[in-house]
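From just these sequences and the hints, can you work out the full model?
Sequences listed follow chains R and Y, in order.
In terms of the numbering used here, the first sequence opens at residue 1 and continues consecutively.
In terms of the numbering used here, the second sequence opens at residue 1 and continues consecutively.
Just so you know, not all the hints are guaranteed correct.
Chain Y regions said to be covered by chain R (calculated; three or more residues, Cβ under 8 Å) [claimed, not checked]: (1) 67-75; (2) 84-96; (3) 99-105.
Which residues of chain R face chain Y? A partial, calculated answer using Cβ under 7 Å [said to hold, decoys possible]: (4) Leu216; (5) Ala220; (6) Ser222; (7) Leu223; (8) Glu226; (9) His230; (10) Asp278.
Hints listed in this document are in silico derivations from the structure and should not be mistaken for laboratory results.
The beta carbon of each residue, even a glycine, is placed where N, CA and C say it ideally should be.
This is what each chain is made of:
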Amino acid sequence: MNKKILYWIVWMLGLGAALLVISVFSLCAGSVGMPIKKIISLILEGKSSAEYSILLDIRLPRIILGFAIGGALSLAGVILQGMFRNPLVEPYTLGISGGAALGVCLNIVLRLHRFWGVLTLPLFGFLGAIVVISLIYFLNIRKGILKMQGLLLTGVMLSFISSSIIMLLMAVSRTEDLQGIIFWIMGSLEEPNWLLIKVAVIVSVLGLIVSYFFSLSLNALSLGEEEARHLGVNTEKAKRLLFILASVLTGLSVSVCGVIGFVGLIVPHFVRSFVGSDNRILLGSSFLAGACFLILCDTLARTIIAPLELPVGVITGILGGSVFVYVLAKKTVS
Amino acid sequence: MLQIRDLTCGYDSRFLLQDINFKVAAGEFIGIVGPNGSGKTTLLRAISGVLKLKKGVILFEGKDIPRINQKELARKMAVVSQNPPVNSLTTEEFVLLGRIPHFQRLQFLESKQDLEIAERAMALTGTLKLRGRPVEEISGGEKQLVLIARALCQEPRLLLLDEPTAHLDITHQVAVLDLIKKLNKEFGLTVITVLHDLNLAGEYCDKLILLNNGRIHKVGAPGDVLTYQVIEDVYKTVVLVKENPISRRPYIFLVPQEGRK
Numbered sequence: 001m002n003k004k005i006l007y008w009i010v011w012m013l014g015l016g017a018a019l020l021v022i023s024v025f026s027l028c029a030g031s032v033g034m035p036i037k038k039i040i041s042l043i044l045e046g047k048s049s050a051e052y053s054i055l056l057d058i059r060l061p062r063i064i065l066g067f068a069i070g071g072a073l074s075l076a077g078v079i080l081q082g083m084f085r086n087p088l089v090e091p092y093t094l095g096i097s098g099g100a101a102l103g104v105c106l107n108i109v110l111r112l113h114r115f116w117g118v119l120t121l122p123l124f125g126f127l128g129a130i131v132v133i134s135l136i137y138f139l140n141i142r143k144g145i146l147k148m149q150g151l152l153l154t155g156v157m158l159s160f161i162s163s164s165i166i167m168l169l170m171a172v173s174r175t176e177d178l179q180g181i182i183f184w185i186m187g188s189l190e191e192p193n194w195l196l197i198k199v200a201v202i203v204s205v206l207g208l209i210v211s212y213f214f215s216l217s218l219n220a221l222s223l224g225e226e227e228a229r230h231l232g233v234n235t236e237k238a239k240r241l242l243f244i245l246a247s248v249l250t251g252l253s254v255s256v257c258g259v260i261g262f263v264g265l266i267v268p269h270f271v272r273s274f275v276g277s278d279n280r281i282l283l284g285s286s287f288l289a290g291a292c293f294l295i296l297c298d299t300l301a302r303t304i305i306a307p308l309e310l311p312v313g314v315i316t317g318i319l320g321g322s323v324f325v326y327v328l329a330k331k332t333v334s
Numbered sequence: 001m002l003q004i005r006d007l008t009c010g011y012d013s014r015f016l017l018q019d020i021n022f023k024v025a026a027g028e029f030i031g032i033v034g035p036n037g038s039g040k041t042t043l044l045r046a047i048s049g050v051l052k053l054k055k056g057v058i059l060f061e062g063k064d065i066p067r068i069n070q071k072e073l074a075r076k077m078a079v080v081s082q083n084p085p086v087n088s089l090t091t092e093e094f095v096l097l098g099r100i101p102h103f104q105r106l107q108f109l110e111s112k113q114d115l116e117i118a119e120r121a122m123a124l125t126g127t128l129k130l131r132g133r134p135v136e137e138i139s140g141g142e143k144q145l146v147l148i149a150r151a152l153c154q155e156p157r158l159l160l161l162d163e164p165t166a167h168l169d170i171t172h173q174v175a176v177l178d179l180i181k182k183l184n185k186e187f188g189l190t191v192i193t194v195l196h197d198l199n200l201a202g203e204y205c206d207k208l209i210l211l212n213n214g215r216i217h218k219v220g221a222p223g224d225v226l227t228y229q230v231i232e233d234v235y236k237t238v239v240l241v242k243e244n245p246i247s248r249r250p251y252i253f254l255v256p257q258e259g260r261k
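What follows is the structure in structure tokens.
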């Protein structure tokens, strides 16, 4: 077997193992500490204790959701970075999360999810995301060439616009909606609805599979659209589908967990420095690493000032913002 | 192999190329020359299929280029653009991108054959020693050779190059053009290259297409195209054309204002 492929397999297995360890650790950690032995006996004995319900109704859903959303956000980050050929773009910095948040917010204020079901939340998140992504693309393209300089600035501005409209919506909304919006917008993995959790897992894993069909096109697109066409890639089709995929992943994440920024920036950045820029390994390993990262951040958010809880978006924001500034500073030097 | 009939094209509503007609036979080494803005790169982009034509047809092996499946076209025609963007892939990974058009549906990994072809292409271009280095860190001359290696990986019959010697020192200018000549002579690869330097074009190409203001001014062997009348006509400057004593090809001397008496 090829040495490179062996290296890839080792990486994926390593990350899989790390994910398992972190998940178990996250099950144990919390305001009520539980050693592993106790967890096993609790699961074997079955229901009815308070500890059992902490484990399976509170901690486990968060871990599953952390896996799905951490993976989805990192995947969206890798896809966007490949398409826009810029290591600093990701759903949050491009304002796509903001657009998705606006979509979800509209849904909450108009109470559509009450009439048409809870699944309209991710749908509206997706619609908001795809509007922003298309706006960014068409605002920055001149004569078929994507301008790289204005990209992040456009993203930040669109983010501002969306958050201002969200504030406007909050100002005119009813008090009972207001609380829901505030709680959700801060970004948290607490989600009582099992249906949404299941959908999040299914969609993000499907997203990972679909992304692999475009891994080679993404490799070619990292050389720019014209070069990719010379290599026989149908760039129009690839671009359209990748935009939709990134929007689905972002819309889903935001509708379930609120705005959790920078996961799509930090994770691919570090993964890339280990496995290289080949998207065939970057997509899968970023998904797993993103899952690990978000579960870890969430555990931190739950325990750092226990029994109180921090929104996980605060932690990823502090970490991610620092990494962003660091990368930006390094980029201008070189 | 390639037939261009009544080609008119350009960007937006400006026509940069008008009434272009020429044929390329298999195995030819053709140079496209002309002053800045005469439409050399535009012509190359039109042939490569990335530019929509306003009028006329380009037939590649008898088929209209826009009708050829993109992947199939990439297996037959490779393009080396001028100074294309690169990423942080290693040189070997970058060269292997040239195998993408040969991948089967649902194939994600390179086969042993793909790796061998890439290795041969890198050996031929003398870039094997760069294989582990990131493409963004190698020099301009090395990058040009790596781009040619990637193009060879596509196993094309027609190779298009846009100013492959721009910004290179004379060592690399000769290395790049010697390599292209070798591919043309020994492997029968048909070559169409845009060249800025008339002396290099005259030295290496079998046939030159001289463009001026988006139209073909003259087509022919270097000896017929590179005469002082033609050059002074197109470039609006005074030159002296002599013969290179070694290759018997035309060589152009510039005549500065002071010397024109």
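Hints, one by one, checked against the model:
Residues of the segment 67-75 of chain Y with a Cβ under 8 Å from some Cβ of chain R number 6, which satisfies the need for three, so the listed coverage holds. Chain R is given as covering the segment 84-96 of chain Y, and this holds because 8 residues of the stretch bring a CB closer than 8 Å to a CB of that chain, at least three being needed. Residues of the segment 99-105 of chain Y lying with their CB closer than 8 Å to a CB of chain R number 3, which satisfies the three-residue condition for coverage. For the restraint placing R/Leu216 at the interface with chain Y, the shortest Cβ-Cβ distance is roughly 6 Å, inside the 7 Å limit, so the hint holds.
Annotation: R/Ala220 was flagged as interfacial toward chain Y, and the flag holds, the nearest CB pair being 6 Å apart, inside 7 Å. Interface hint at R/Ser222: satisfied, since its Cβ lies 4 Å from the closest Cβ of chain Y, which is below the 7 Å cut-off. Satisfaction of the interface hint for R/Leu223 is found here, the shortest Cβ-Cβ separation to chain Y being roughly 6 Å, below the 7 Å cut-off. A hinted interface residue such as R/Glu226 counts as satisfied when its beta carbon comes closer than 7 Å to some beta carbon of chain Y; here the least separation is about 6 Å, so the hint holds.
For R/His230, the suggested interface contact is upheld, since its CB lies about 4 Å from the closest CB of chain Y, less than 7 Å. A hinted interface residue such as R/Asp278 counts as satisfied when its beta carbon comes closer than 7 Å to some beta carbon of chain Y; here the least separation is about 6 Å, so the hint holds.
Going down the numbered hints, you'll see the structure goes against none, and every one checks out.
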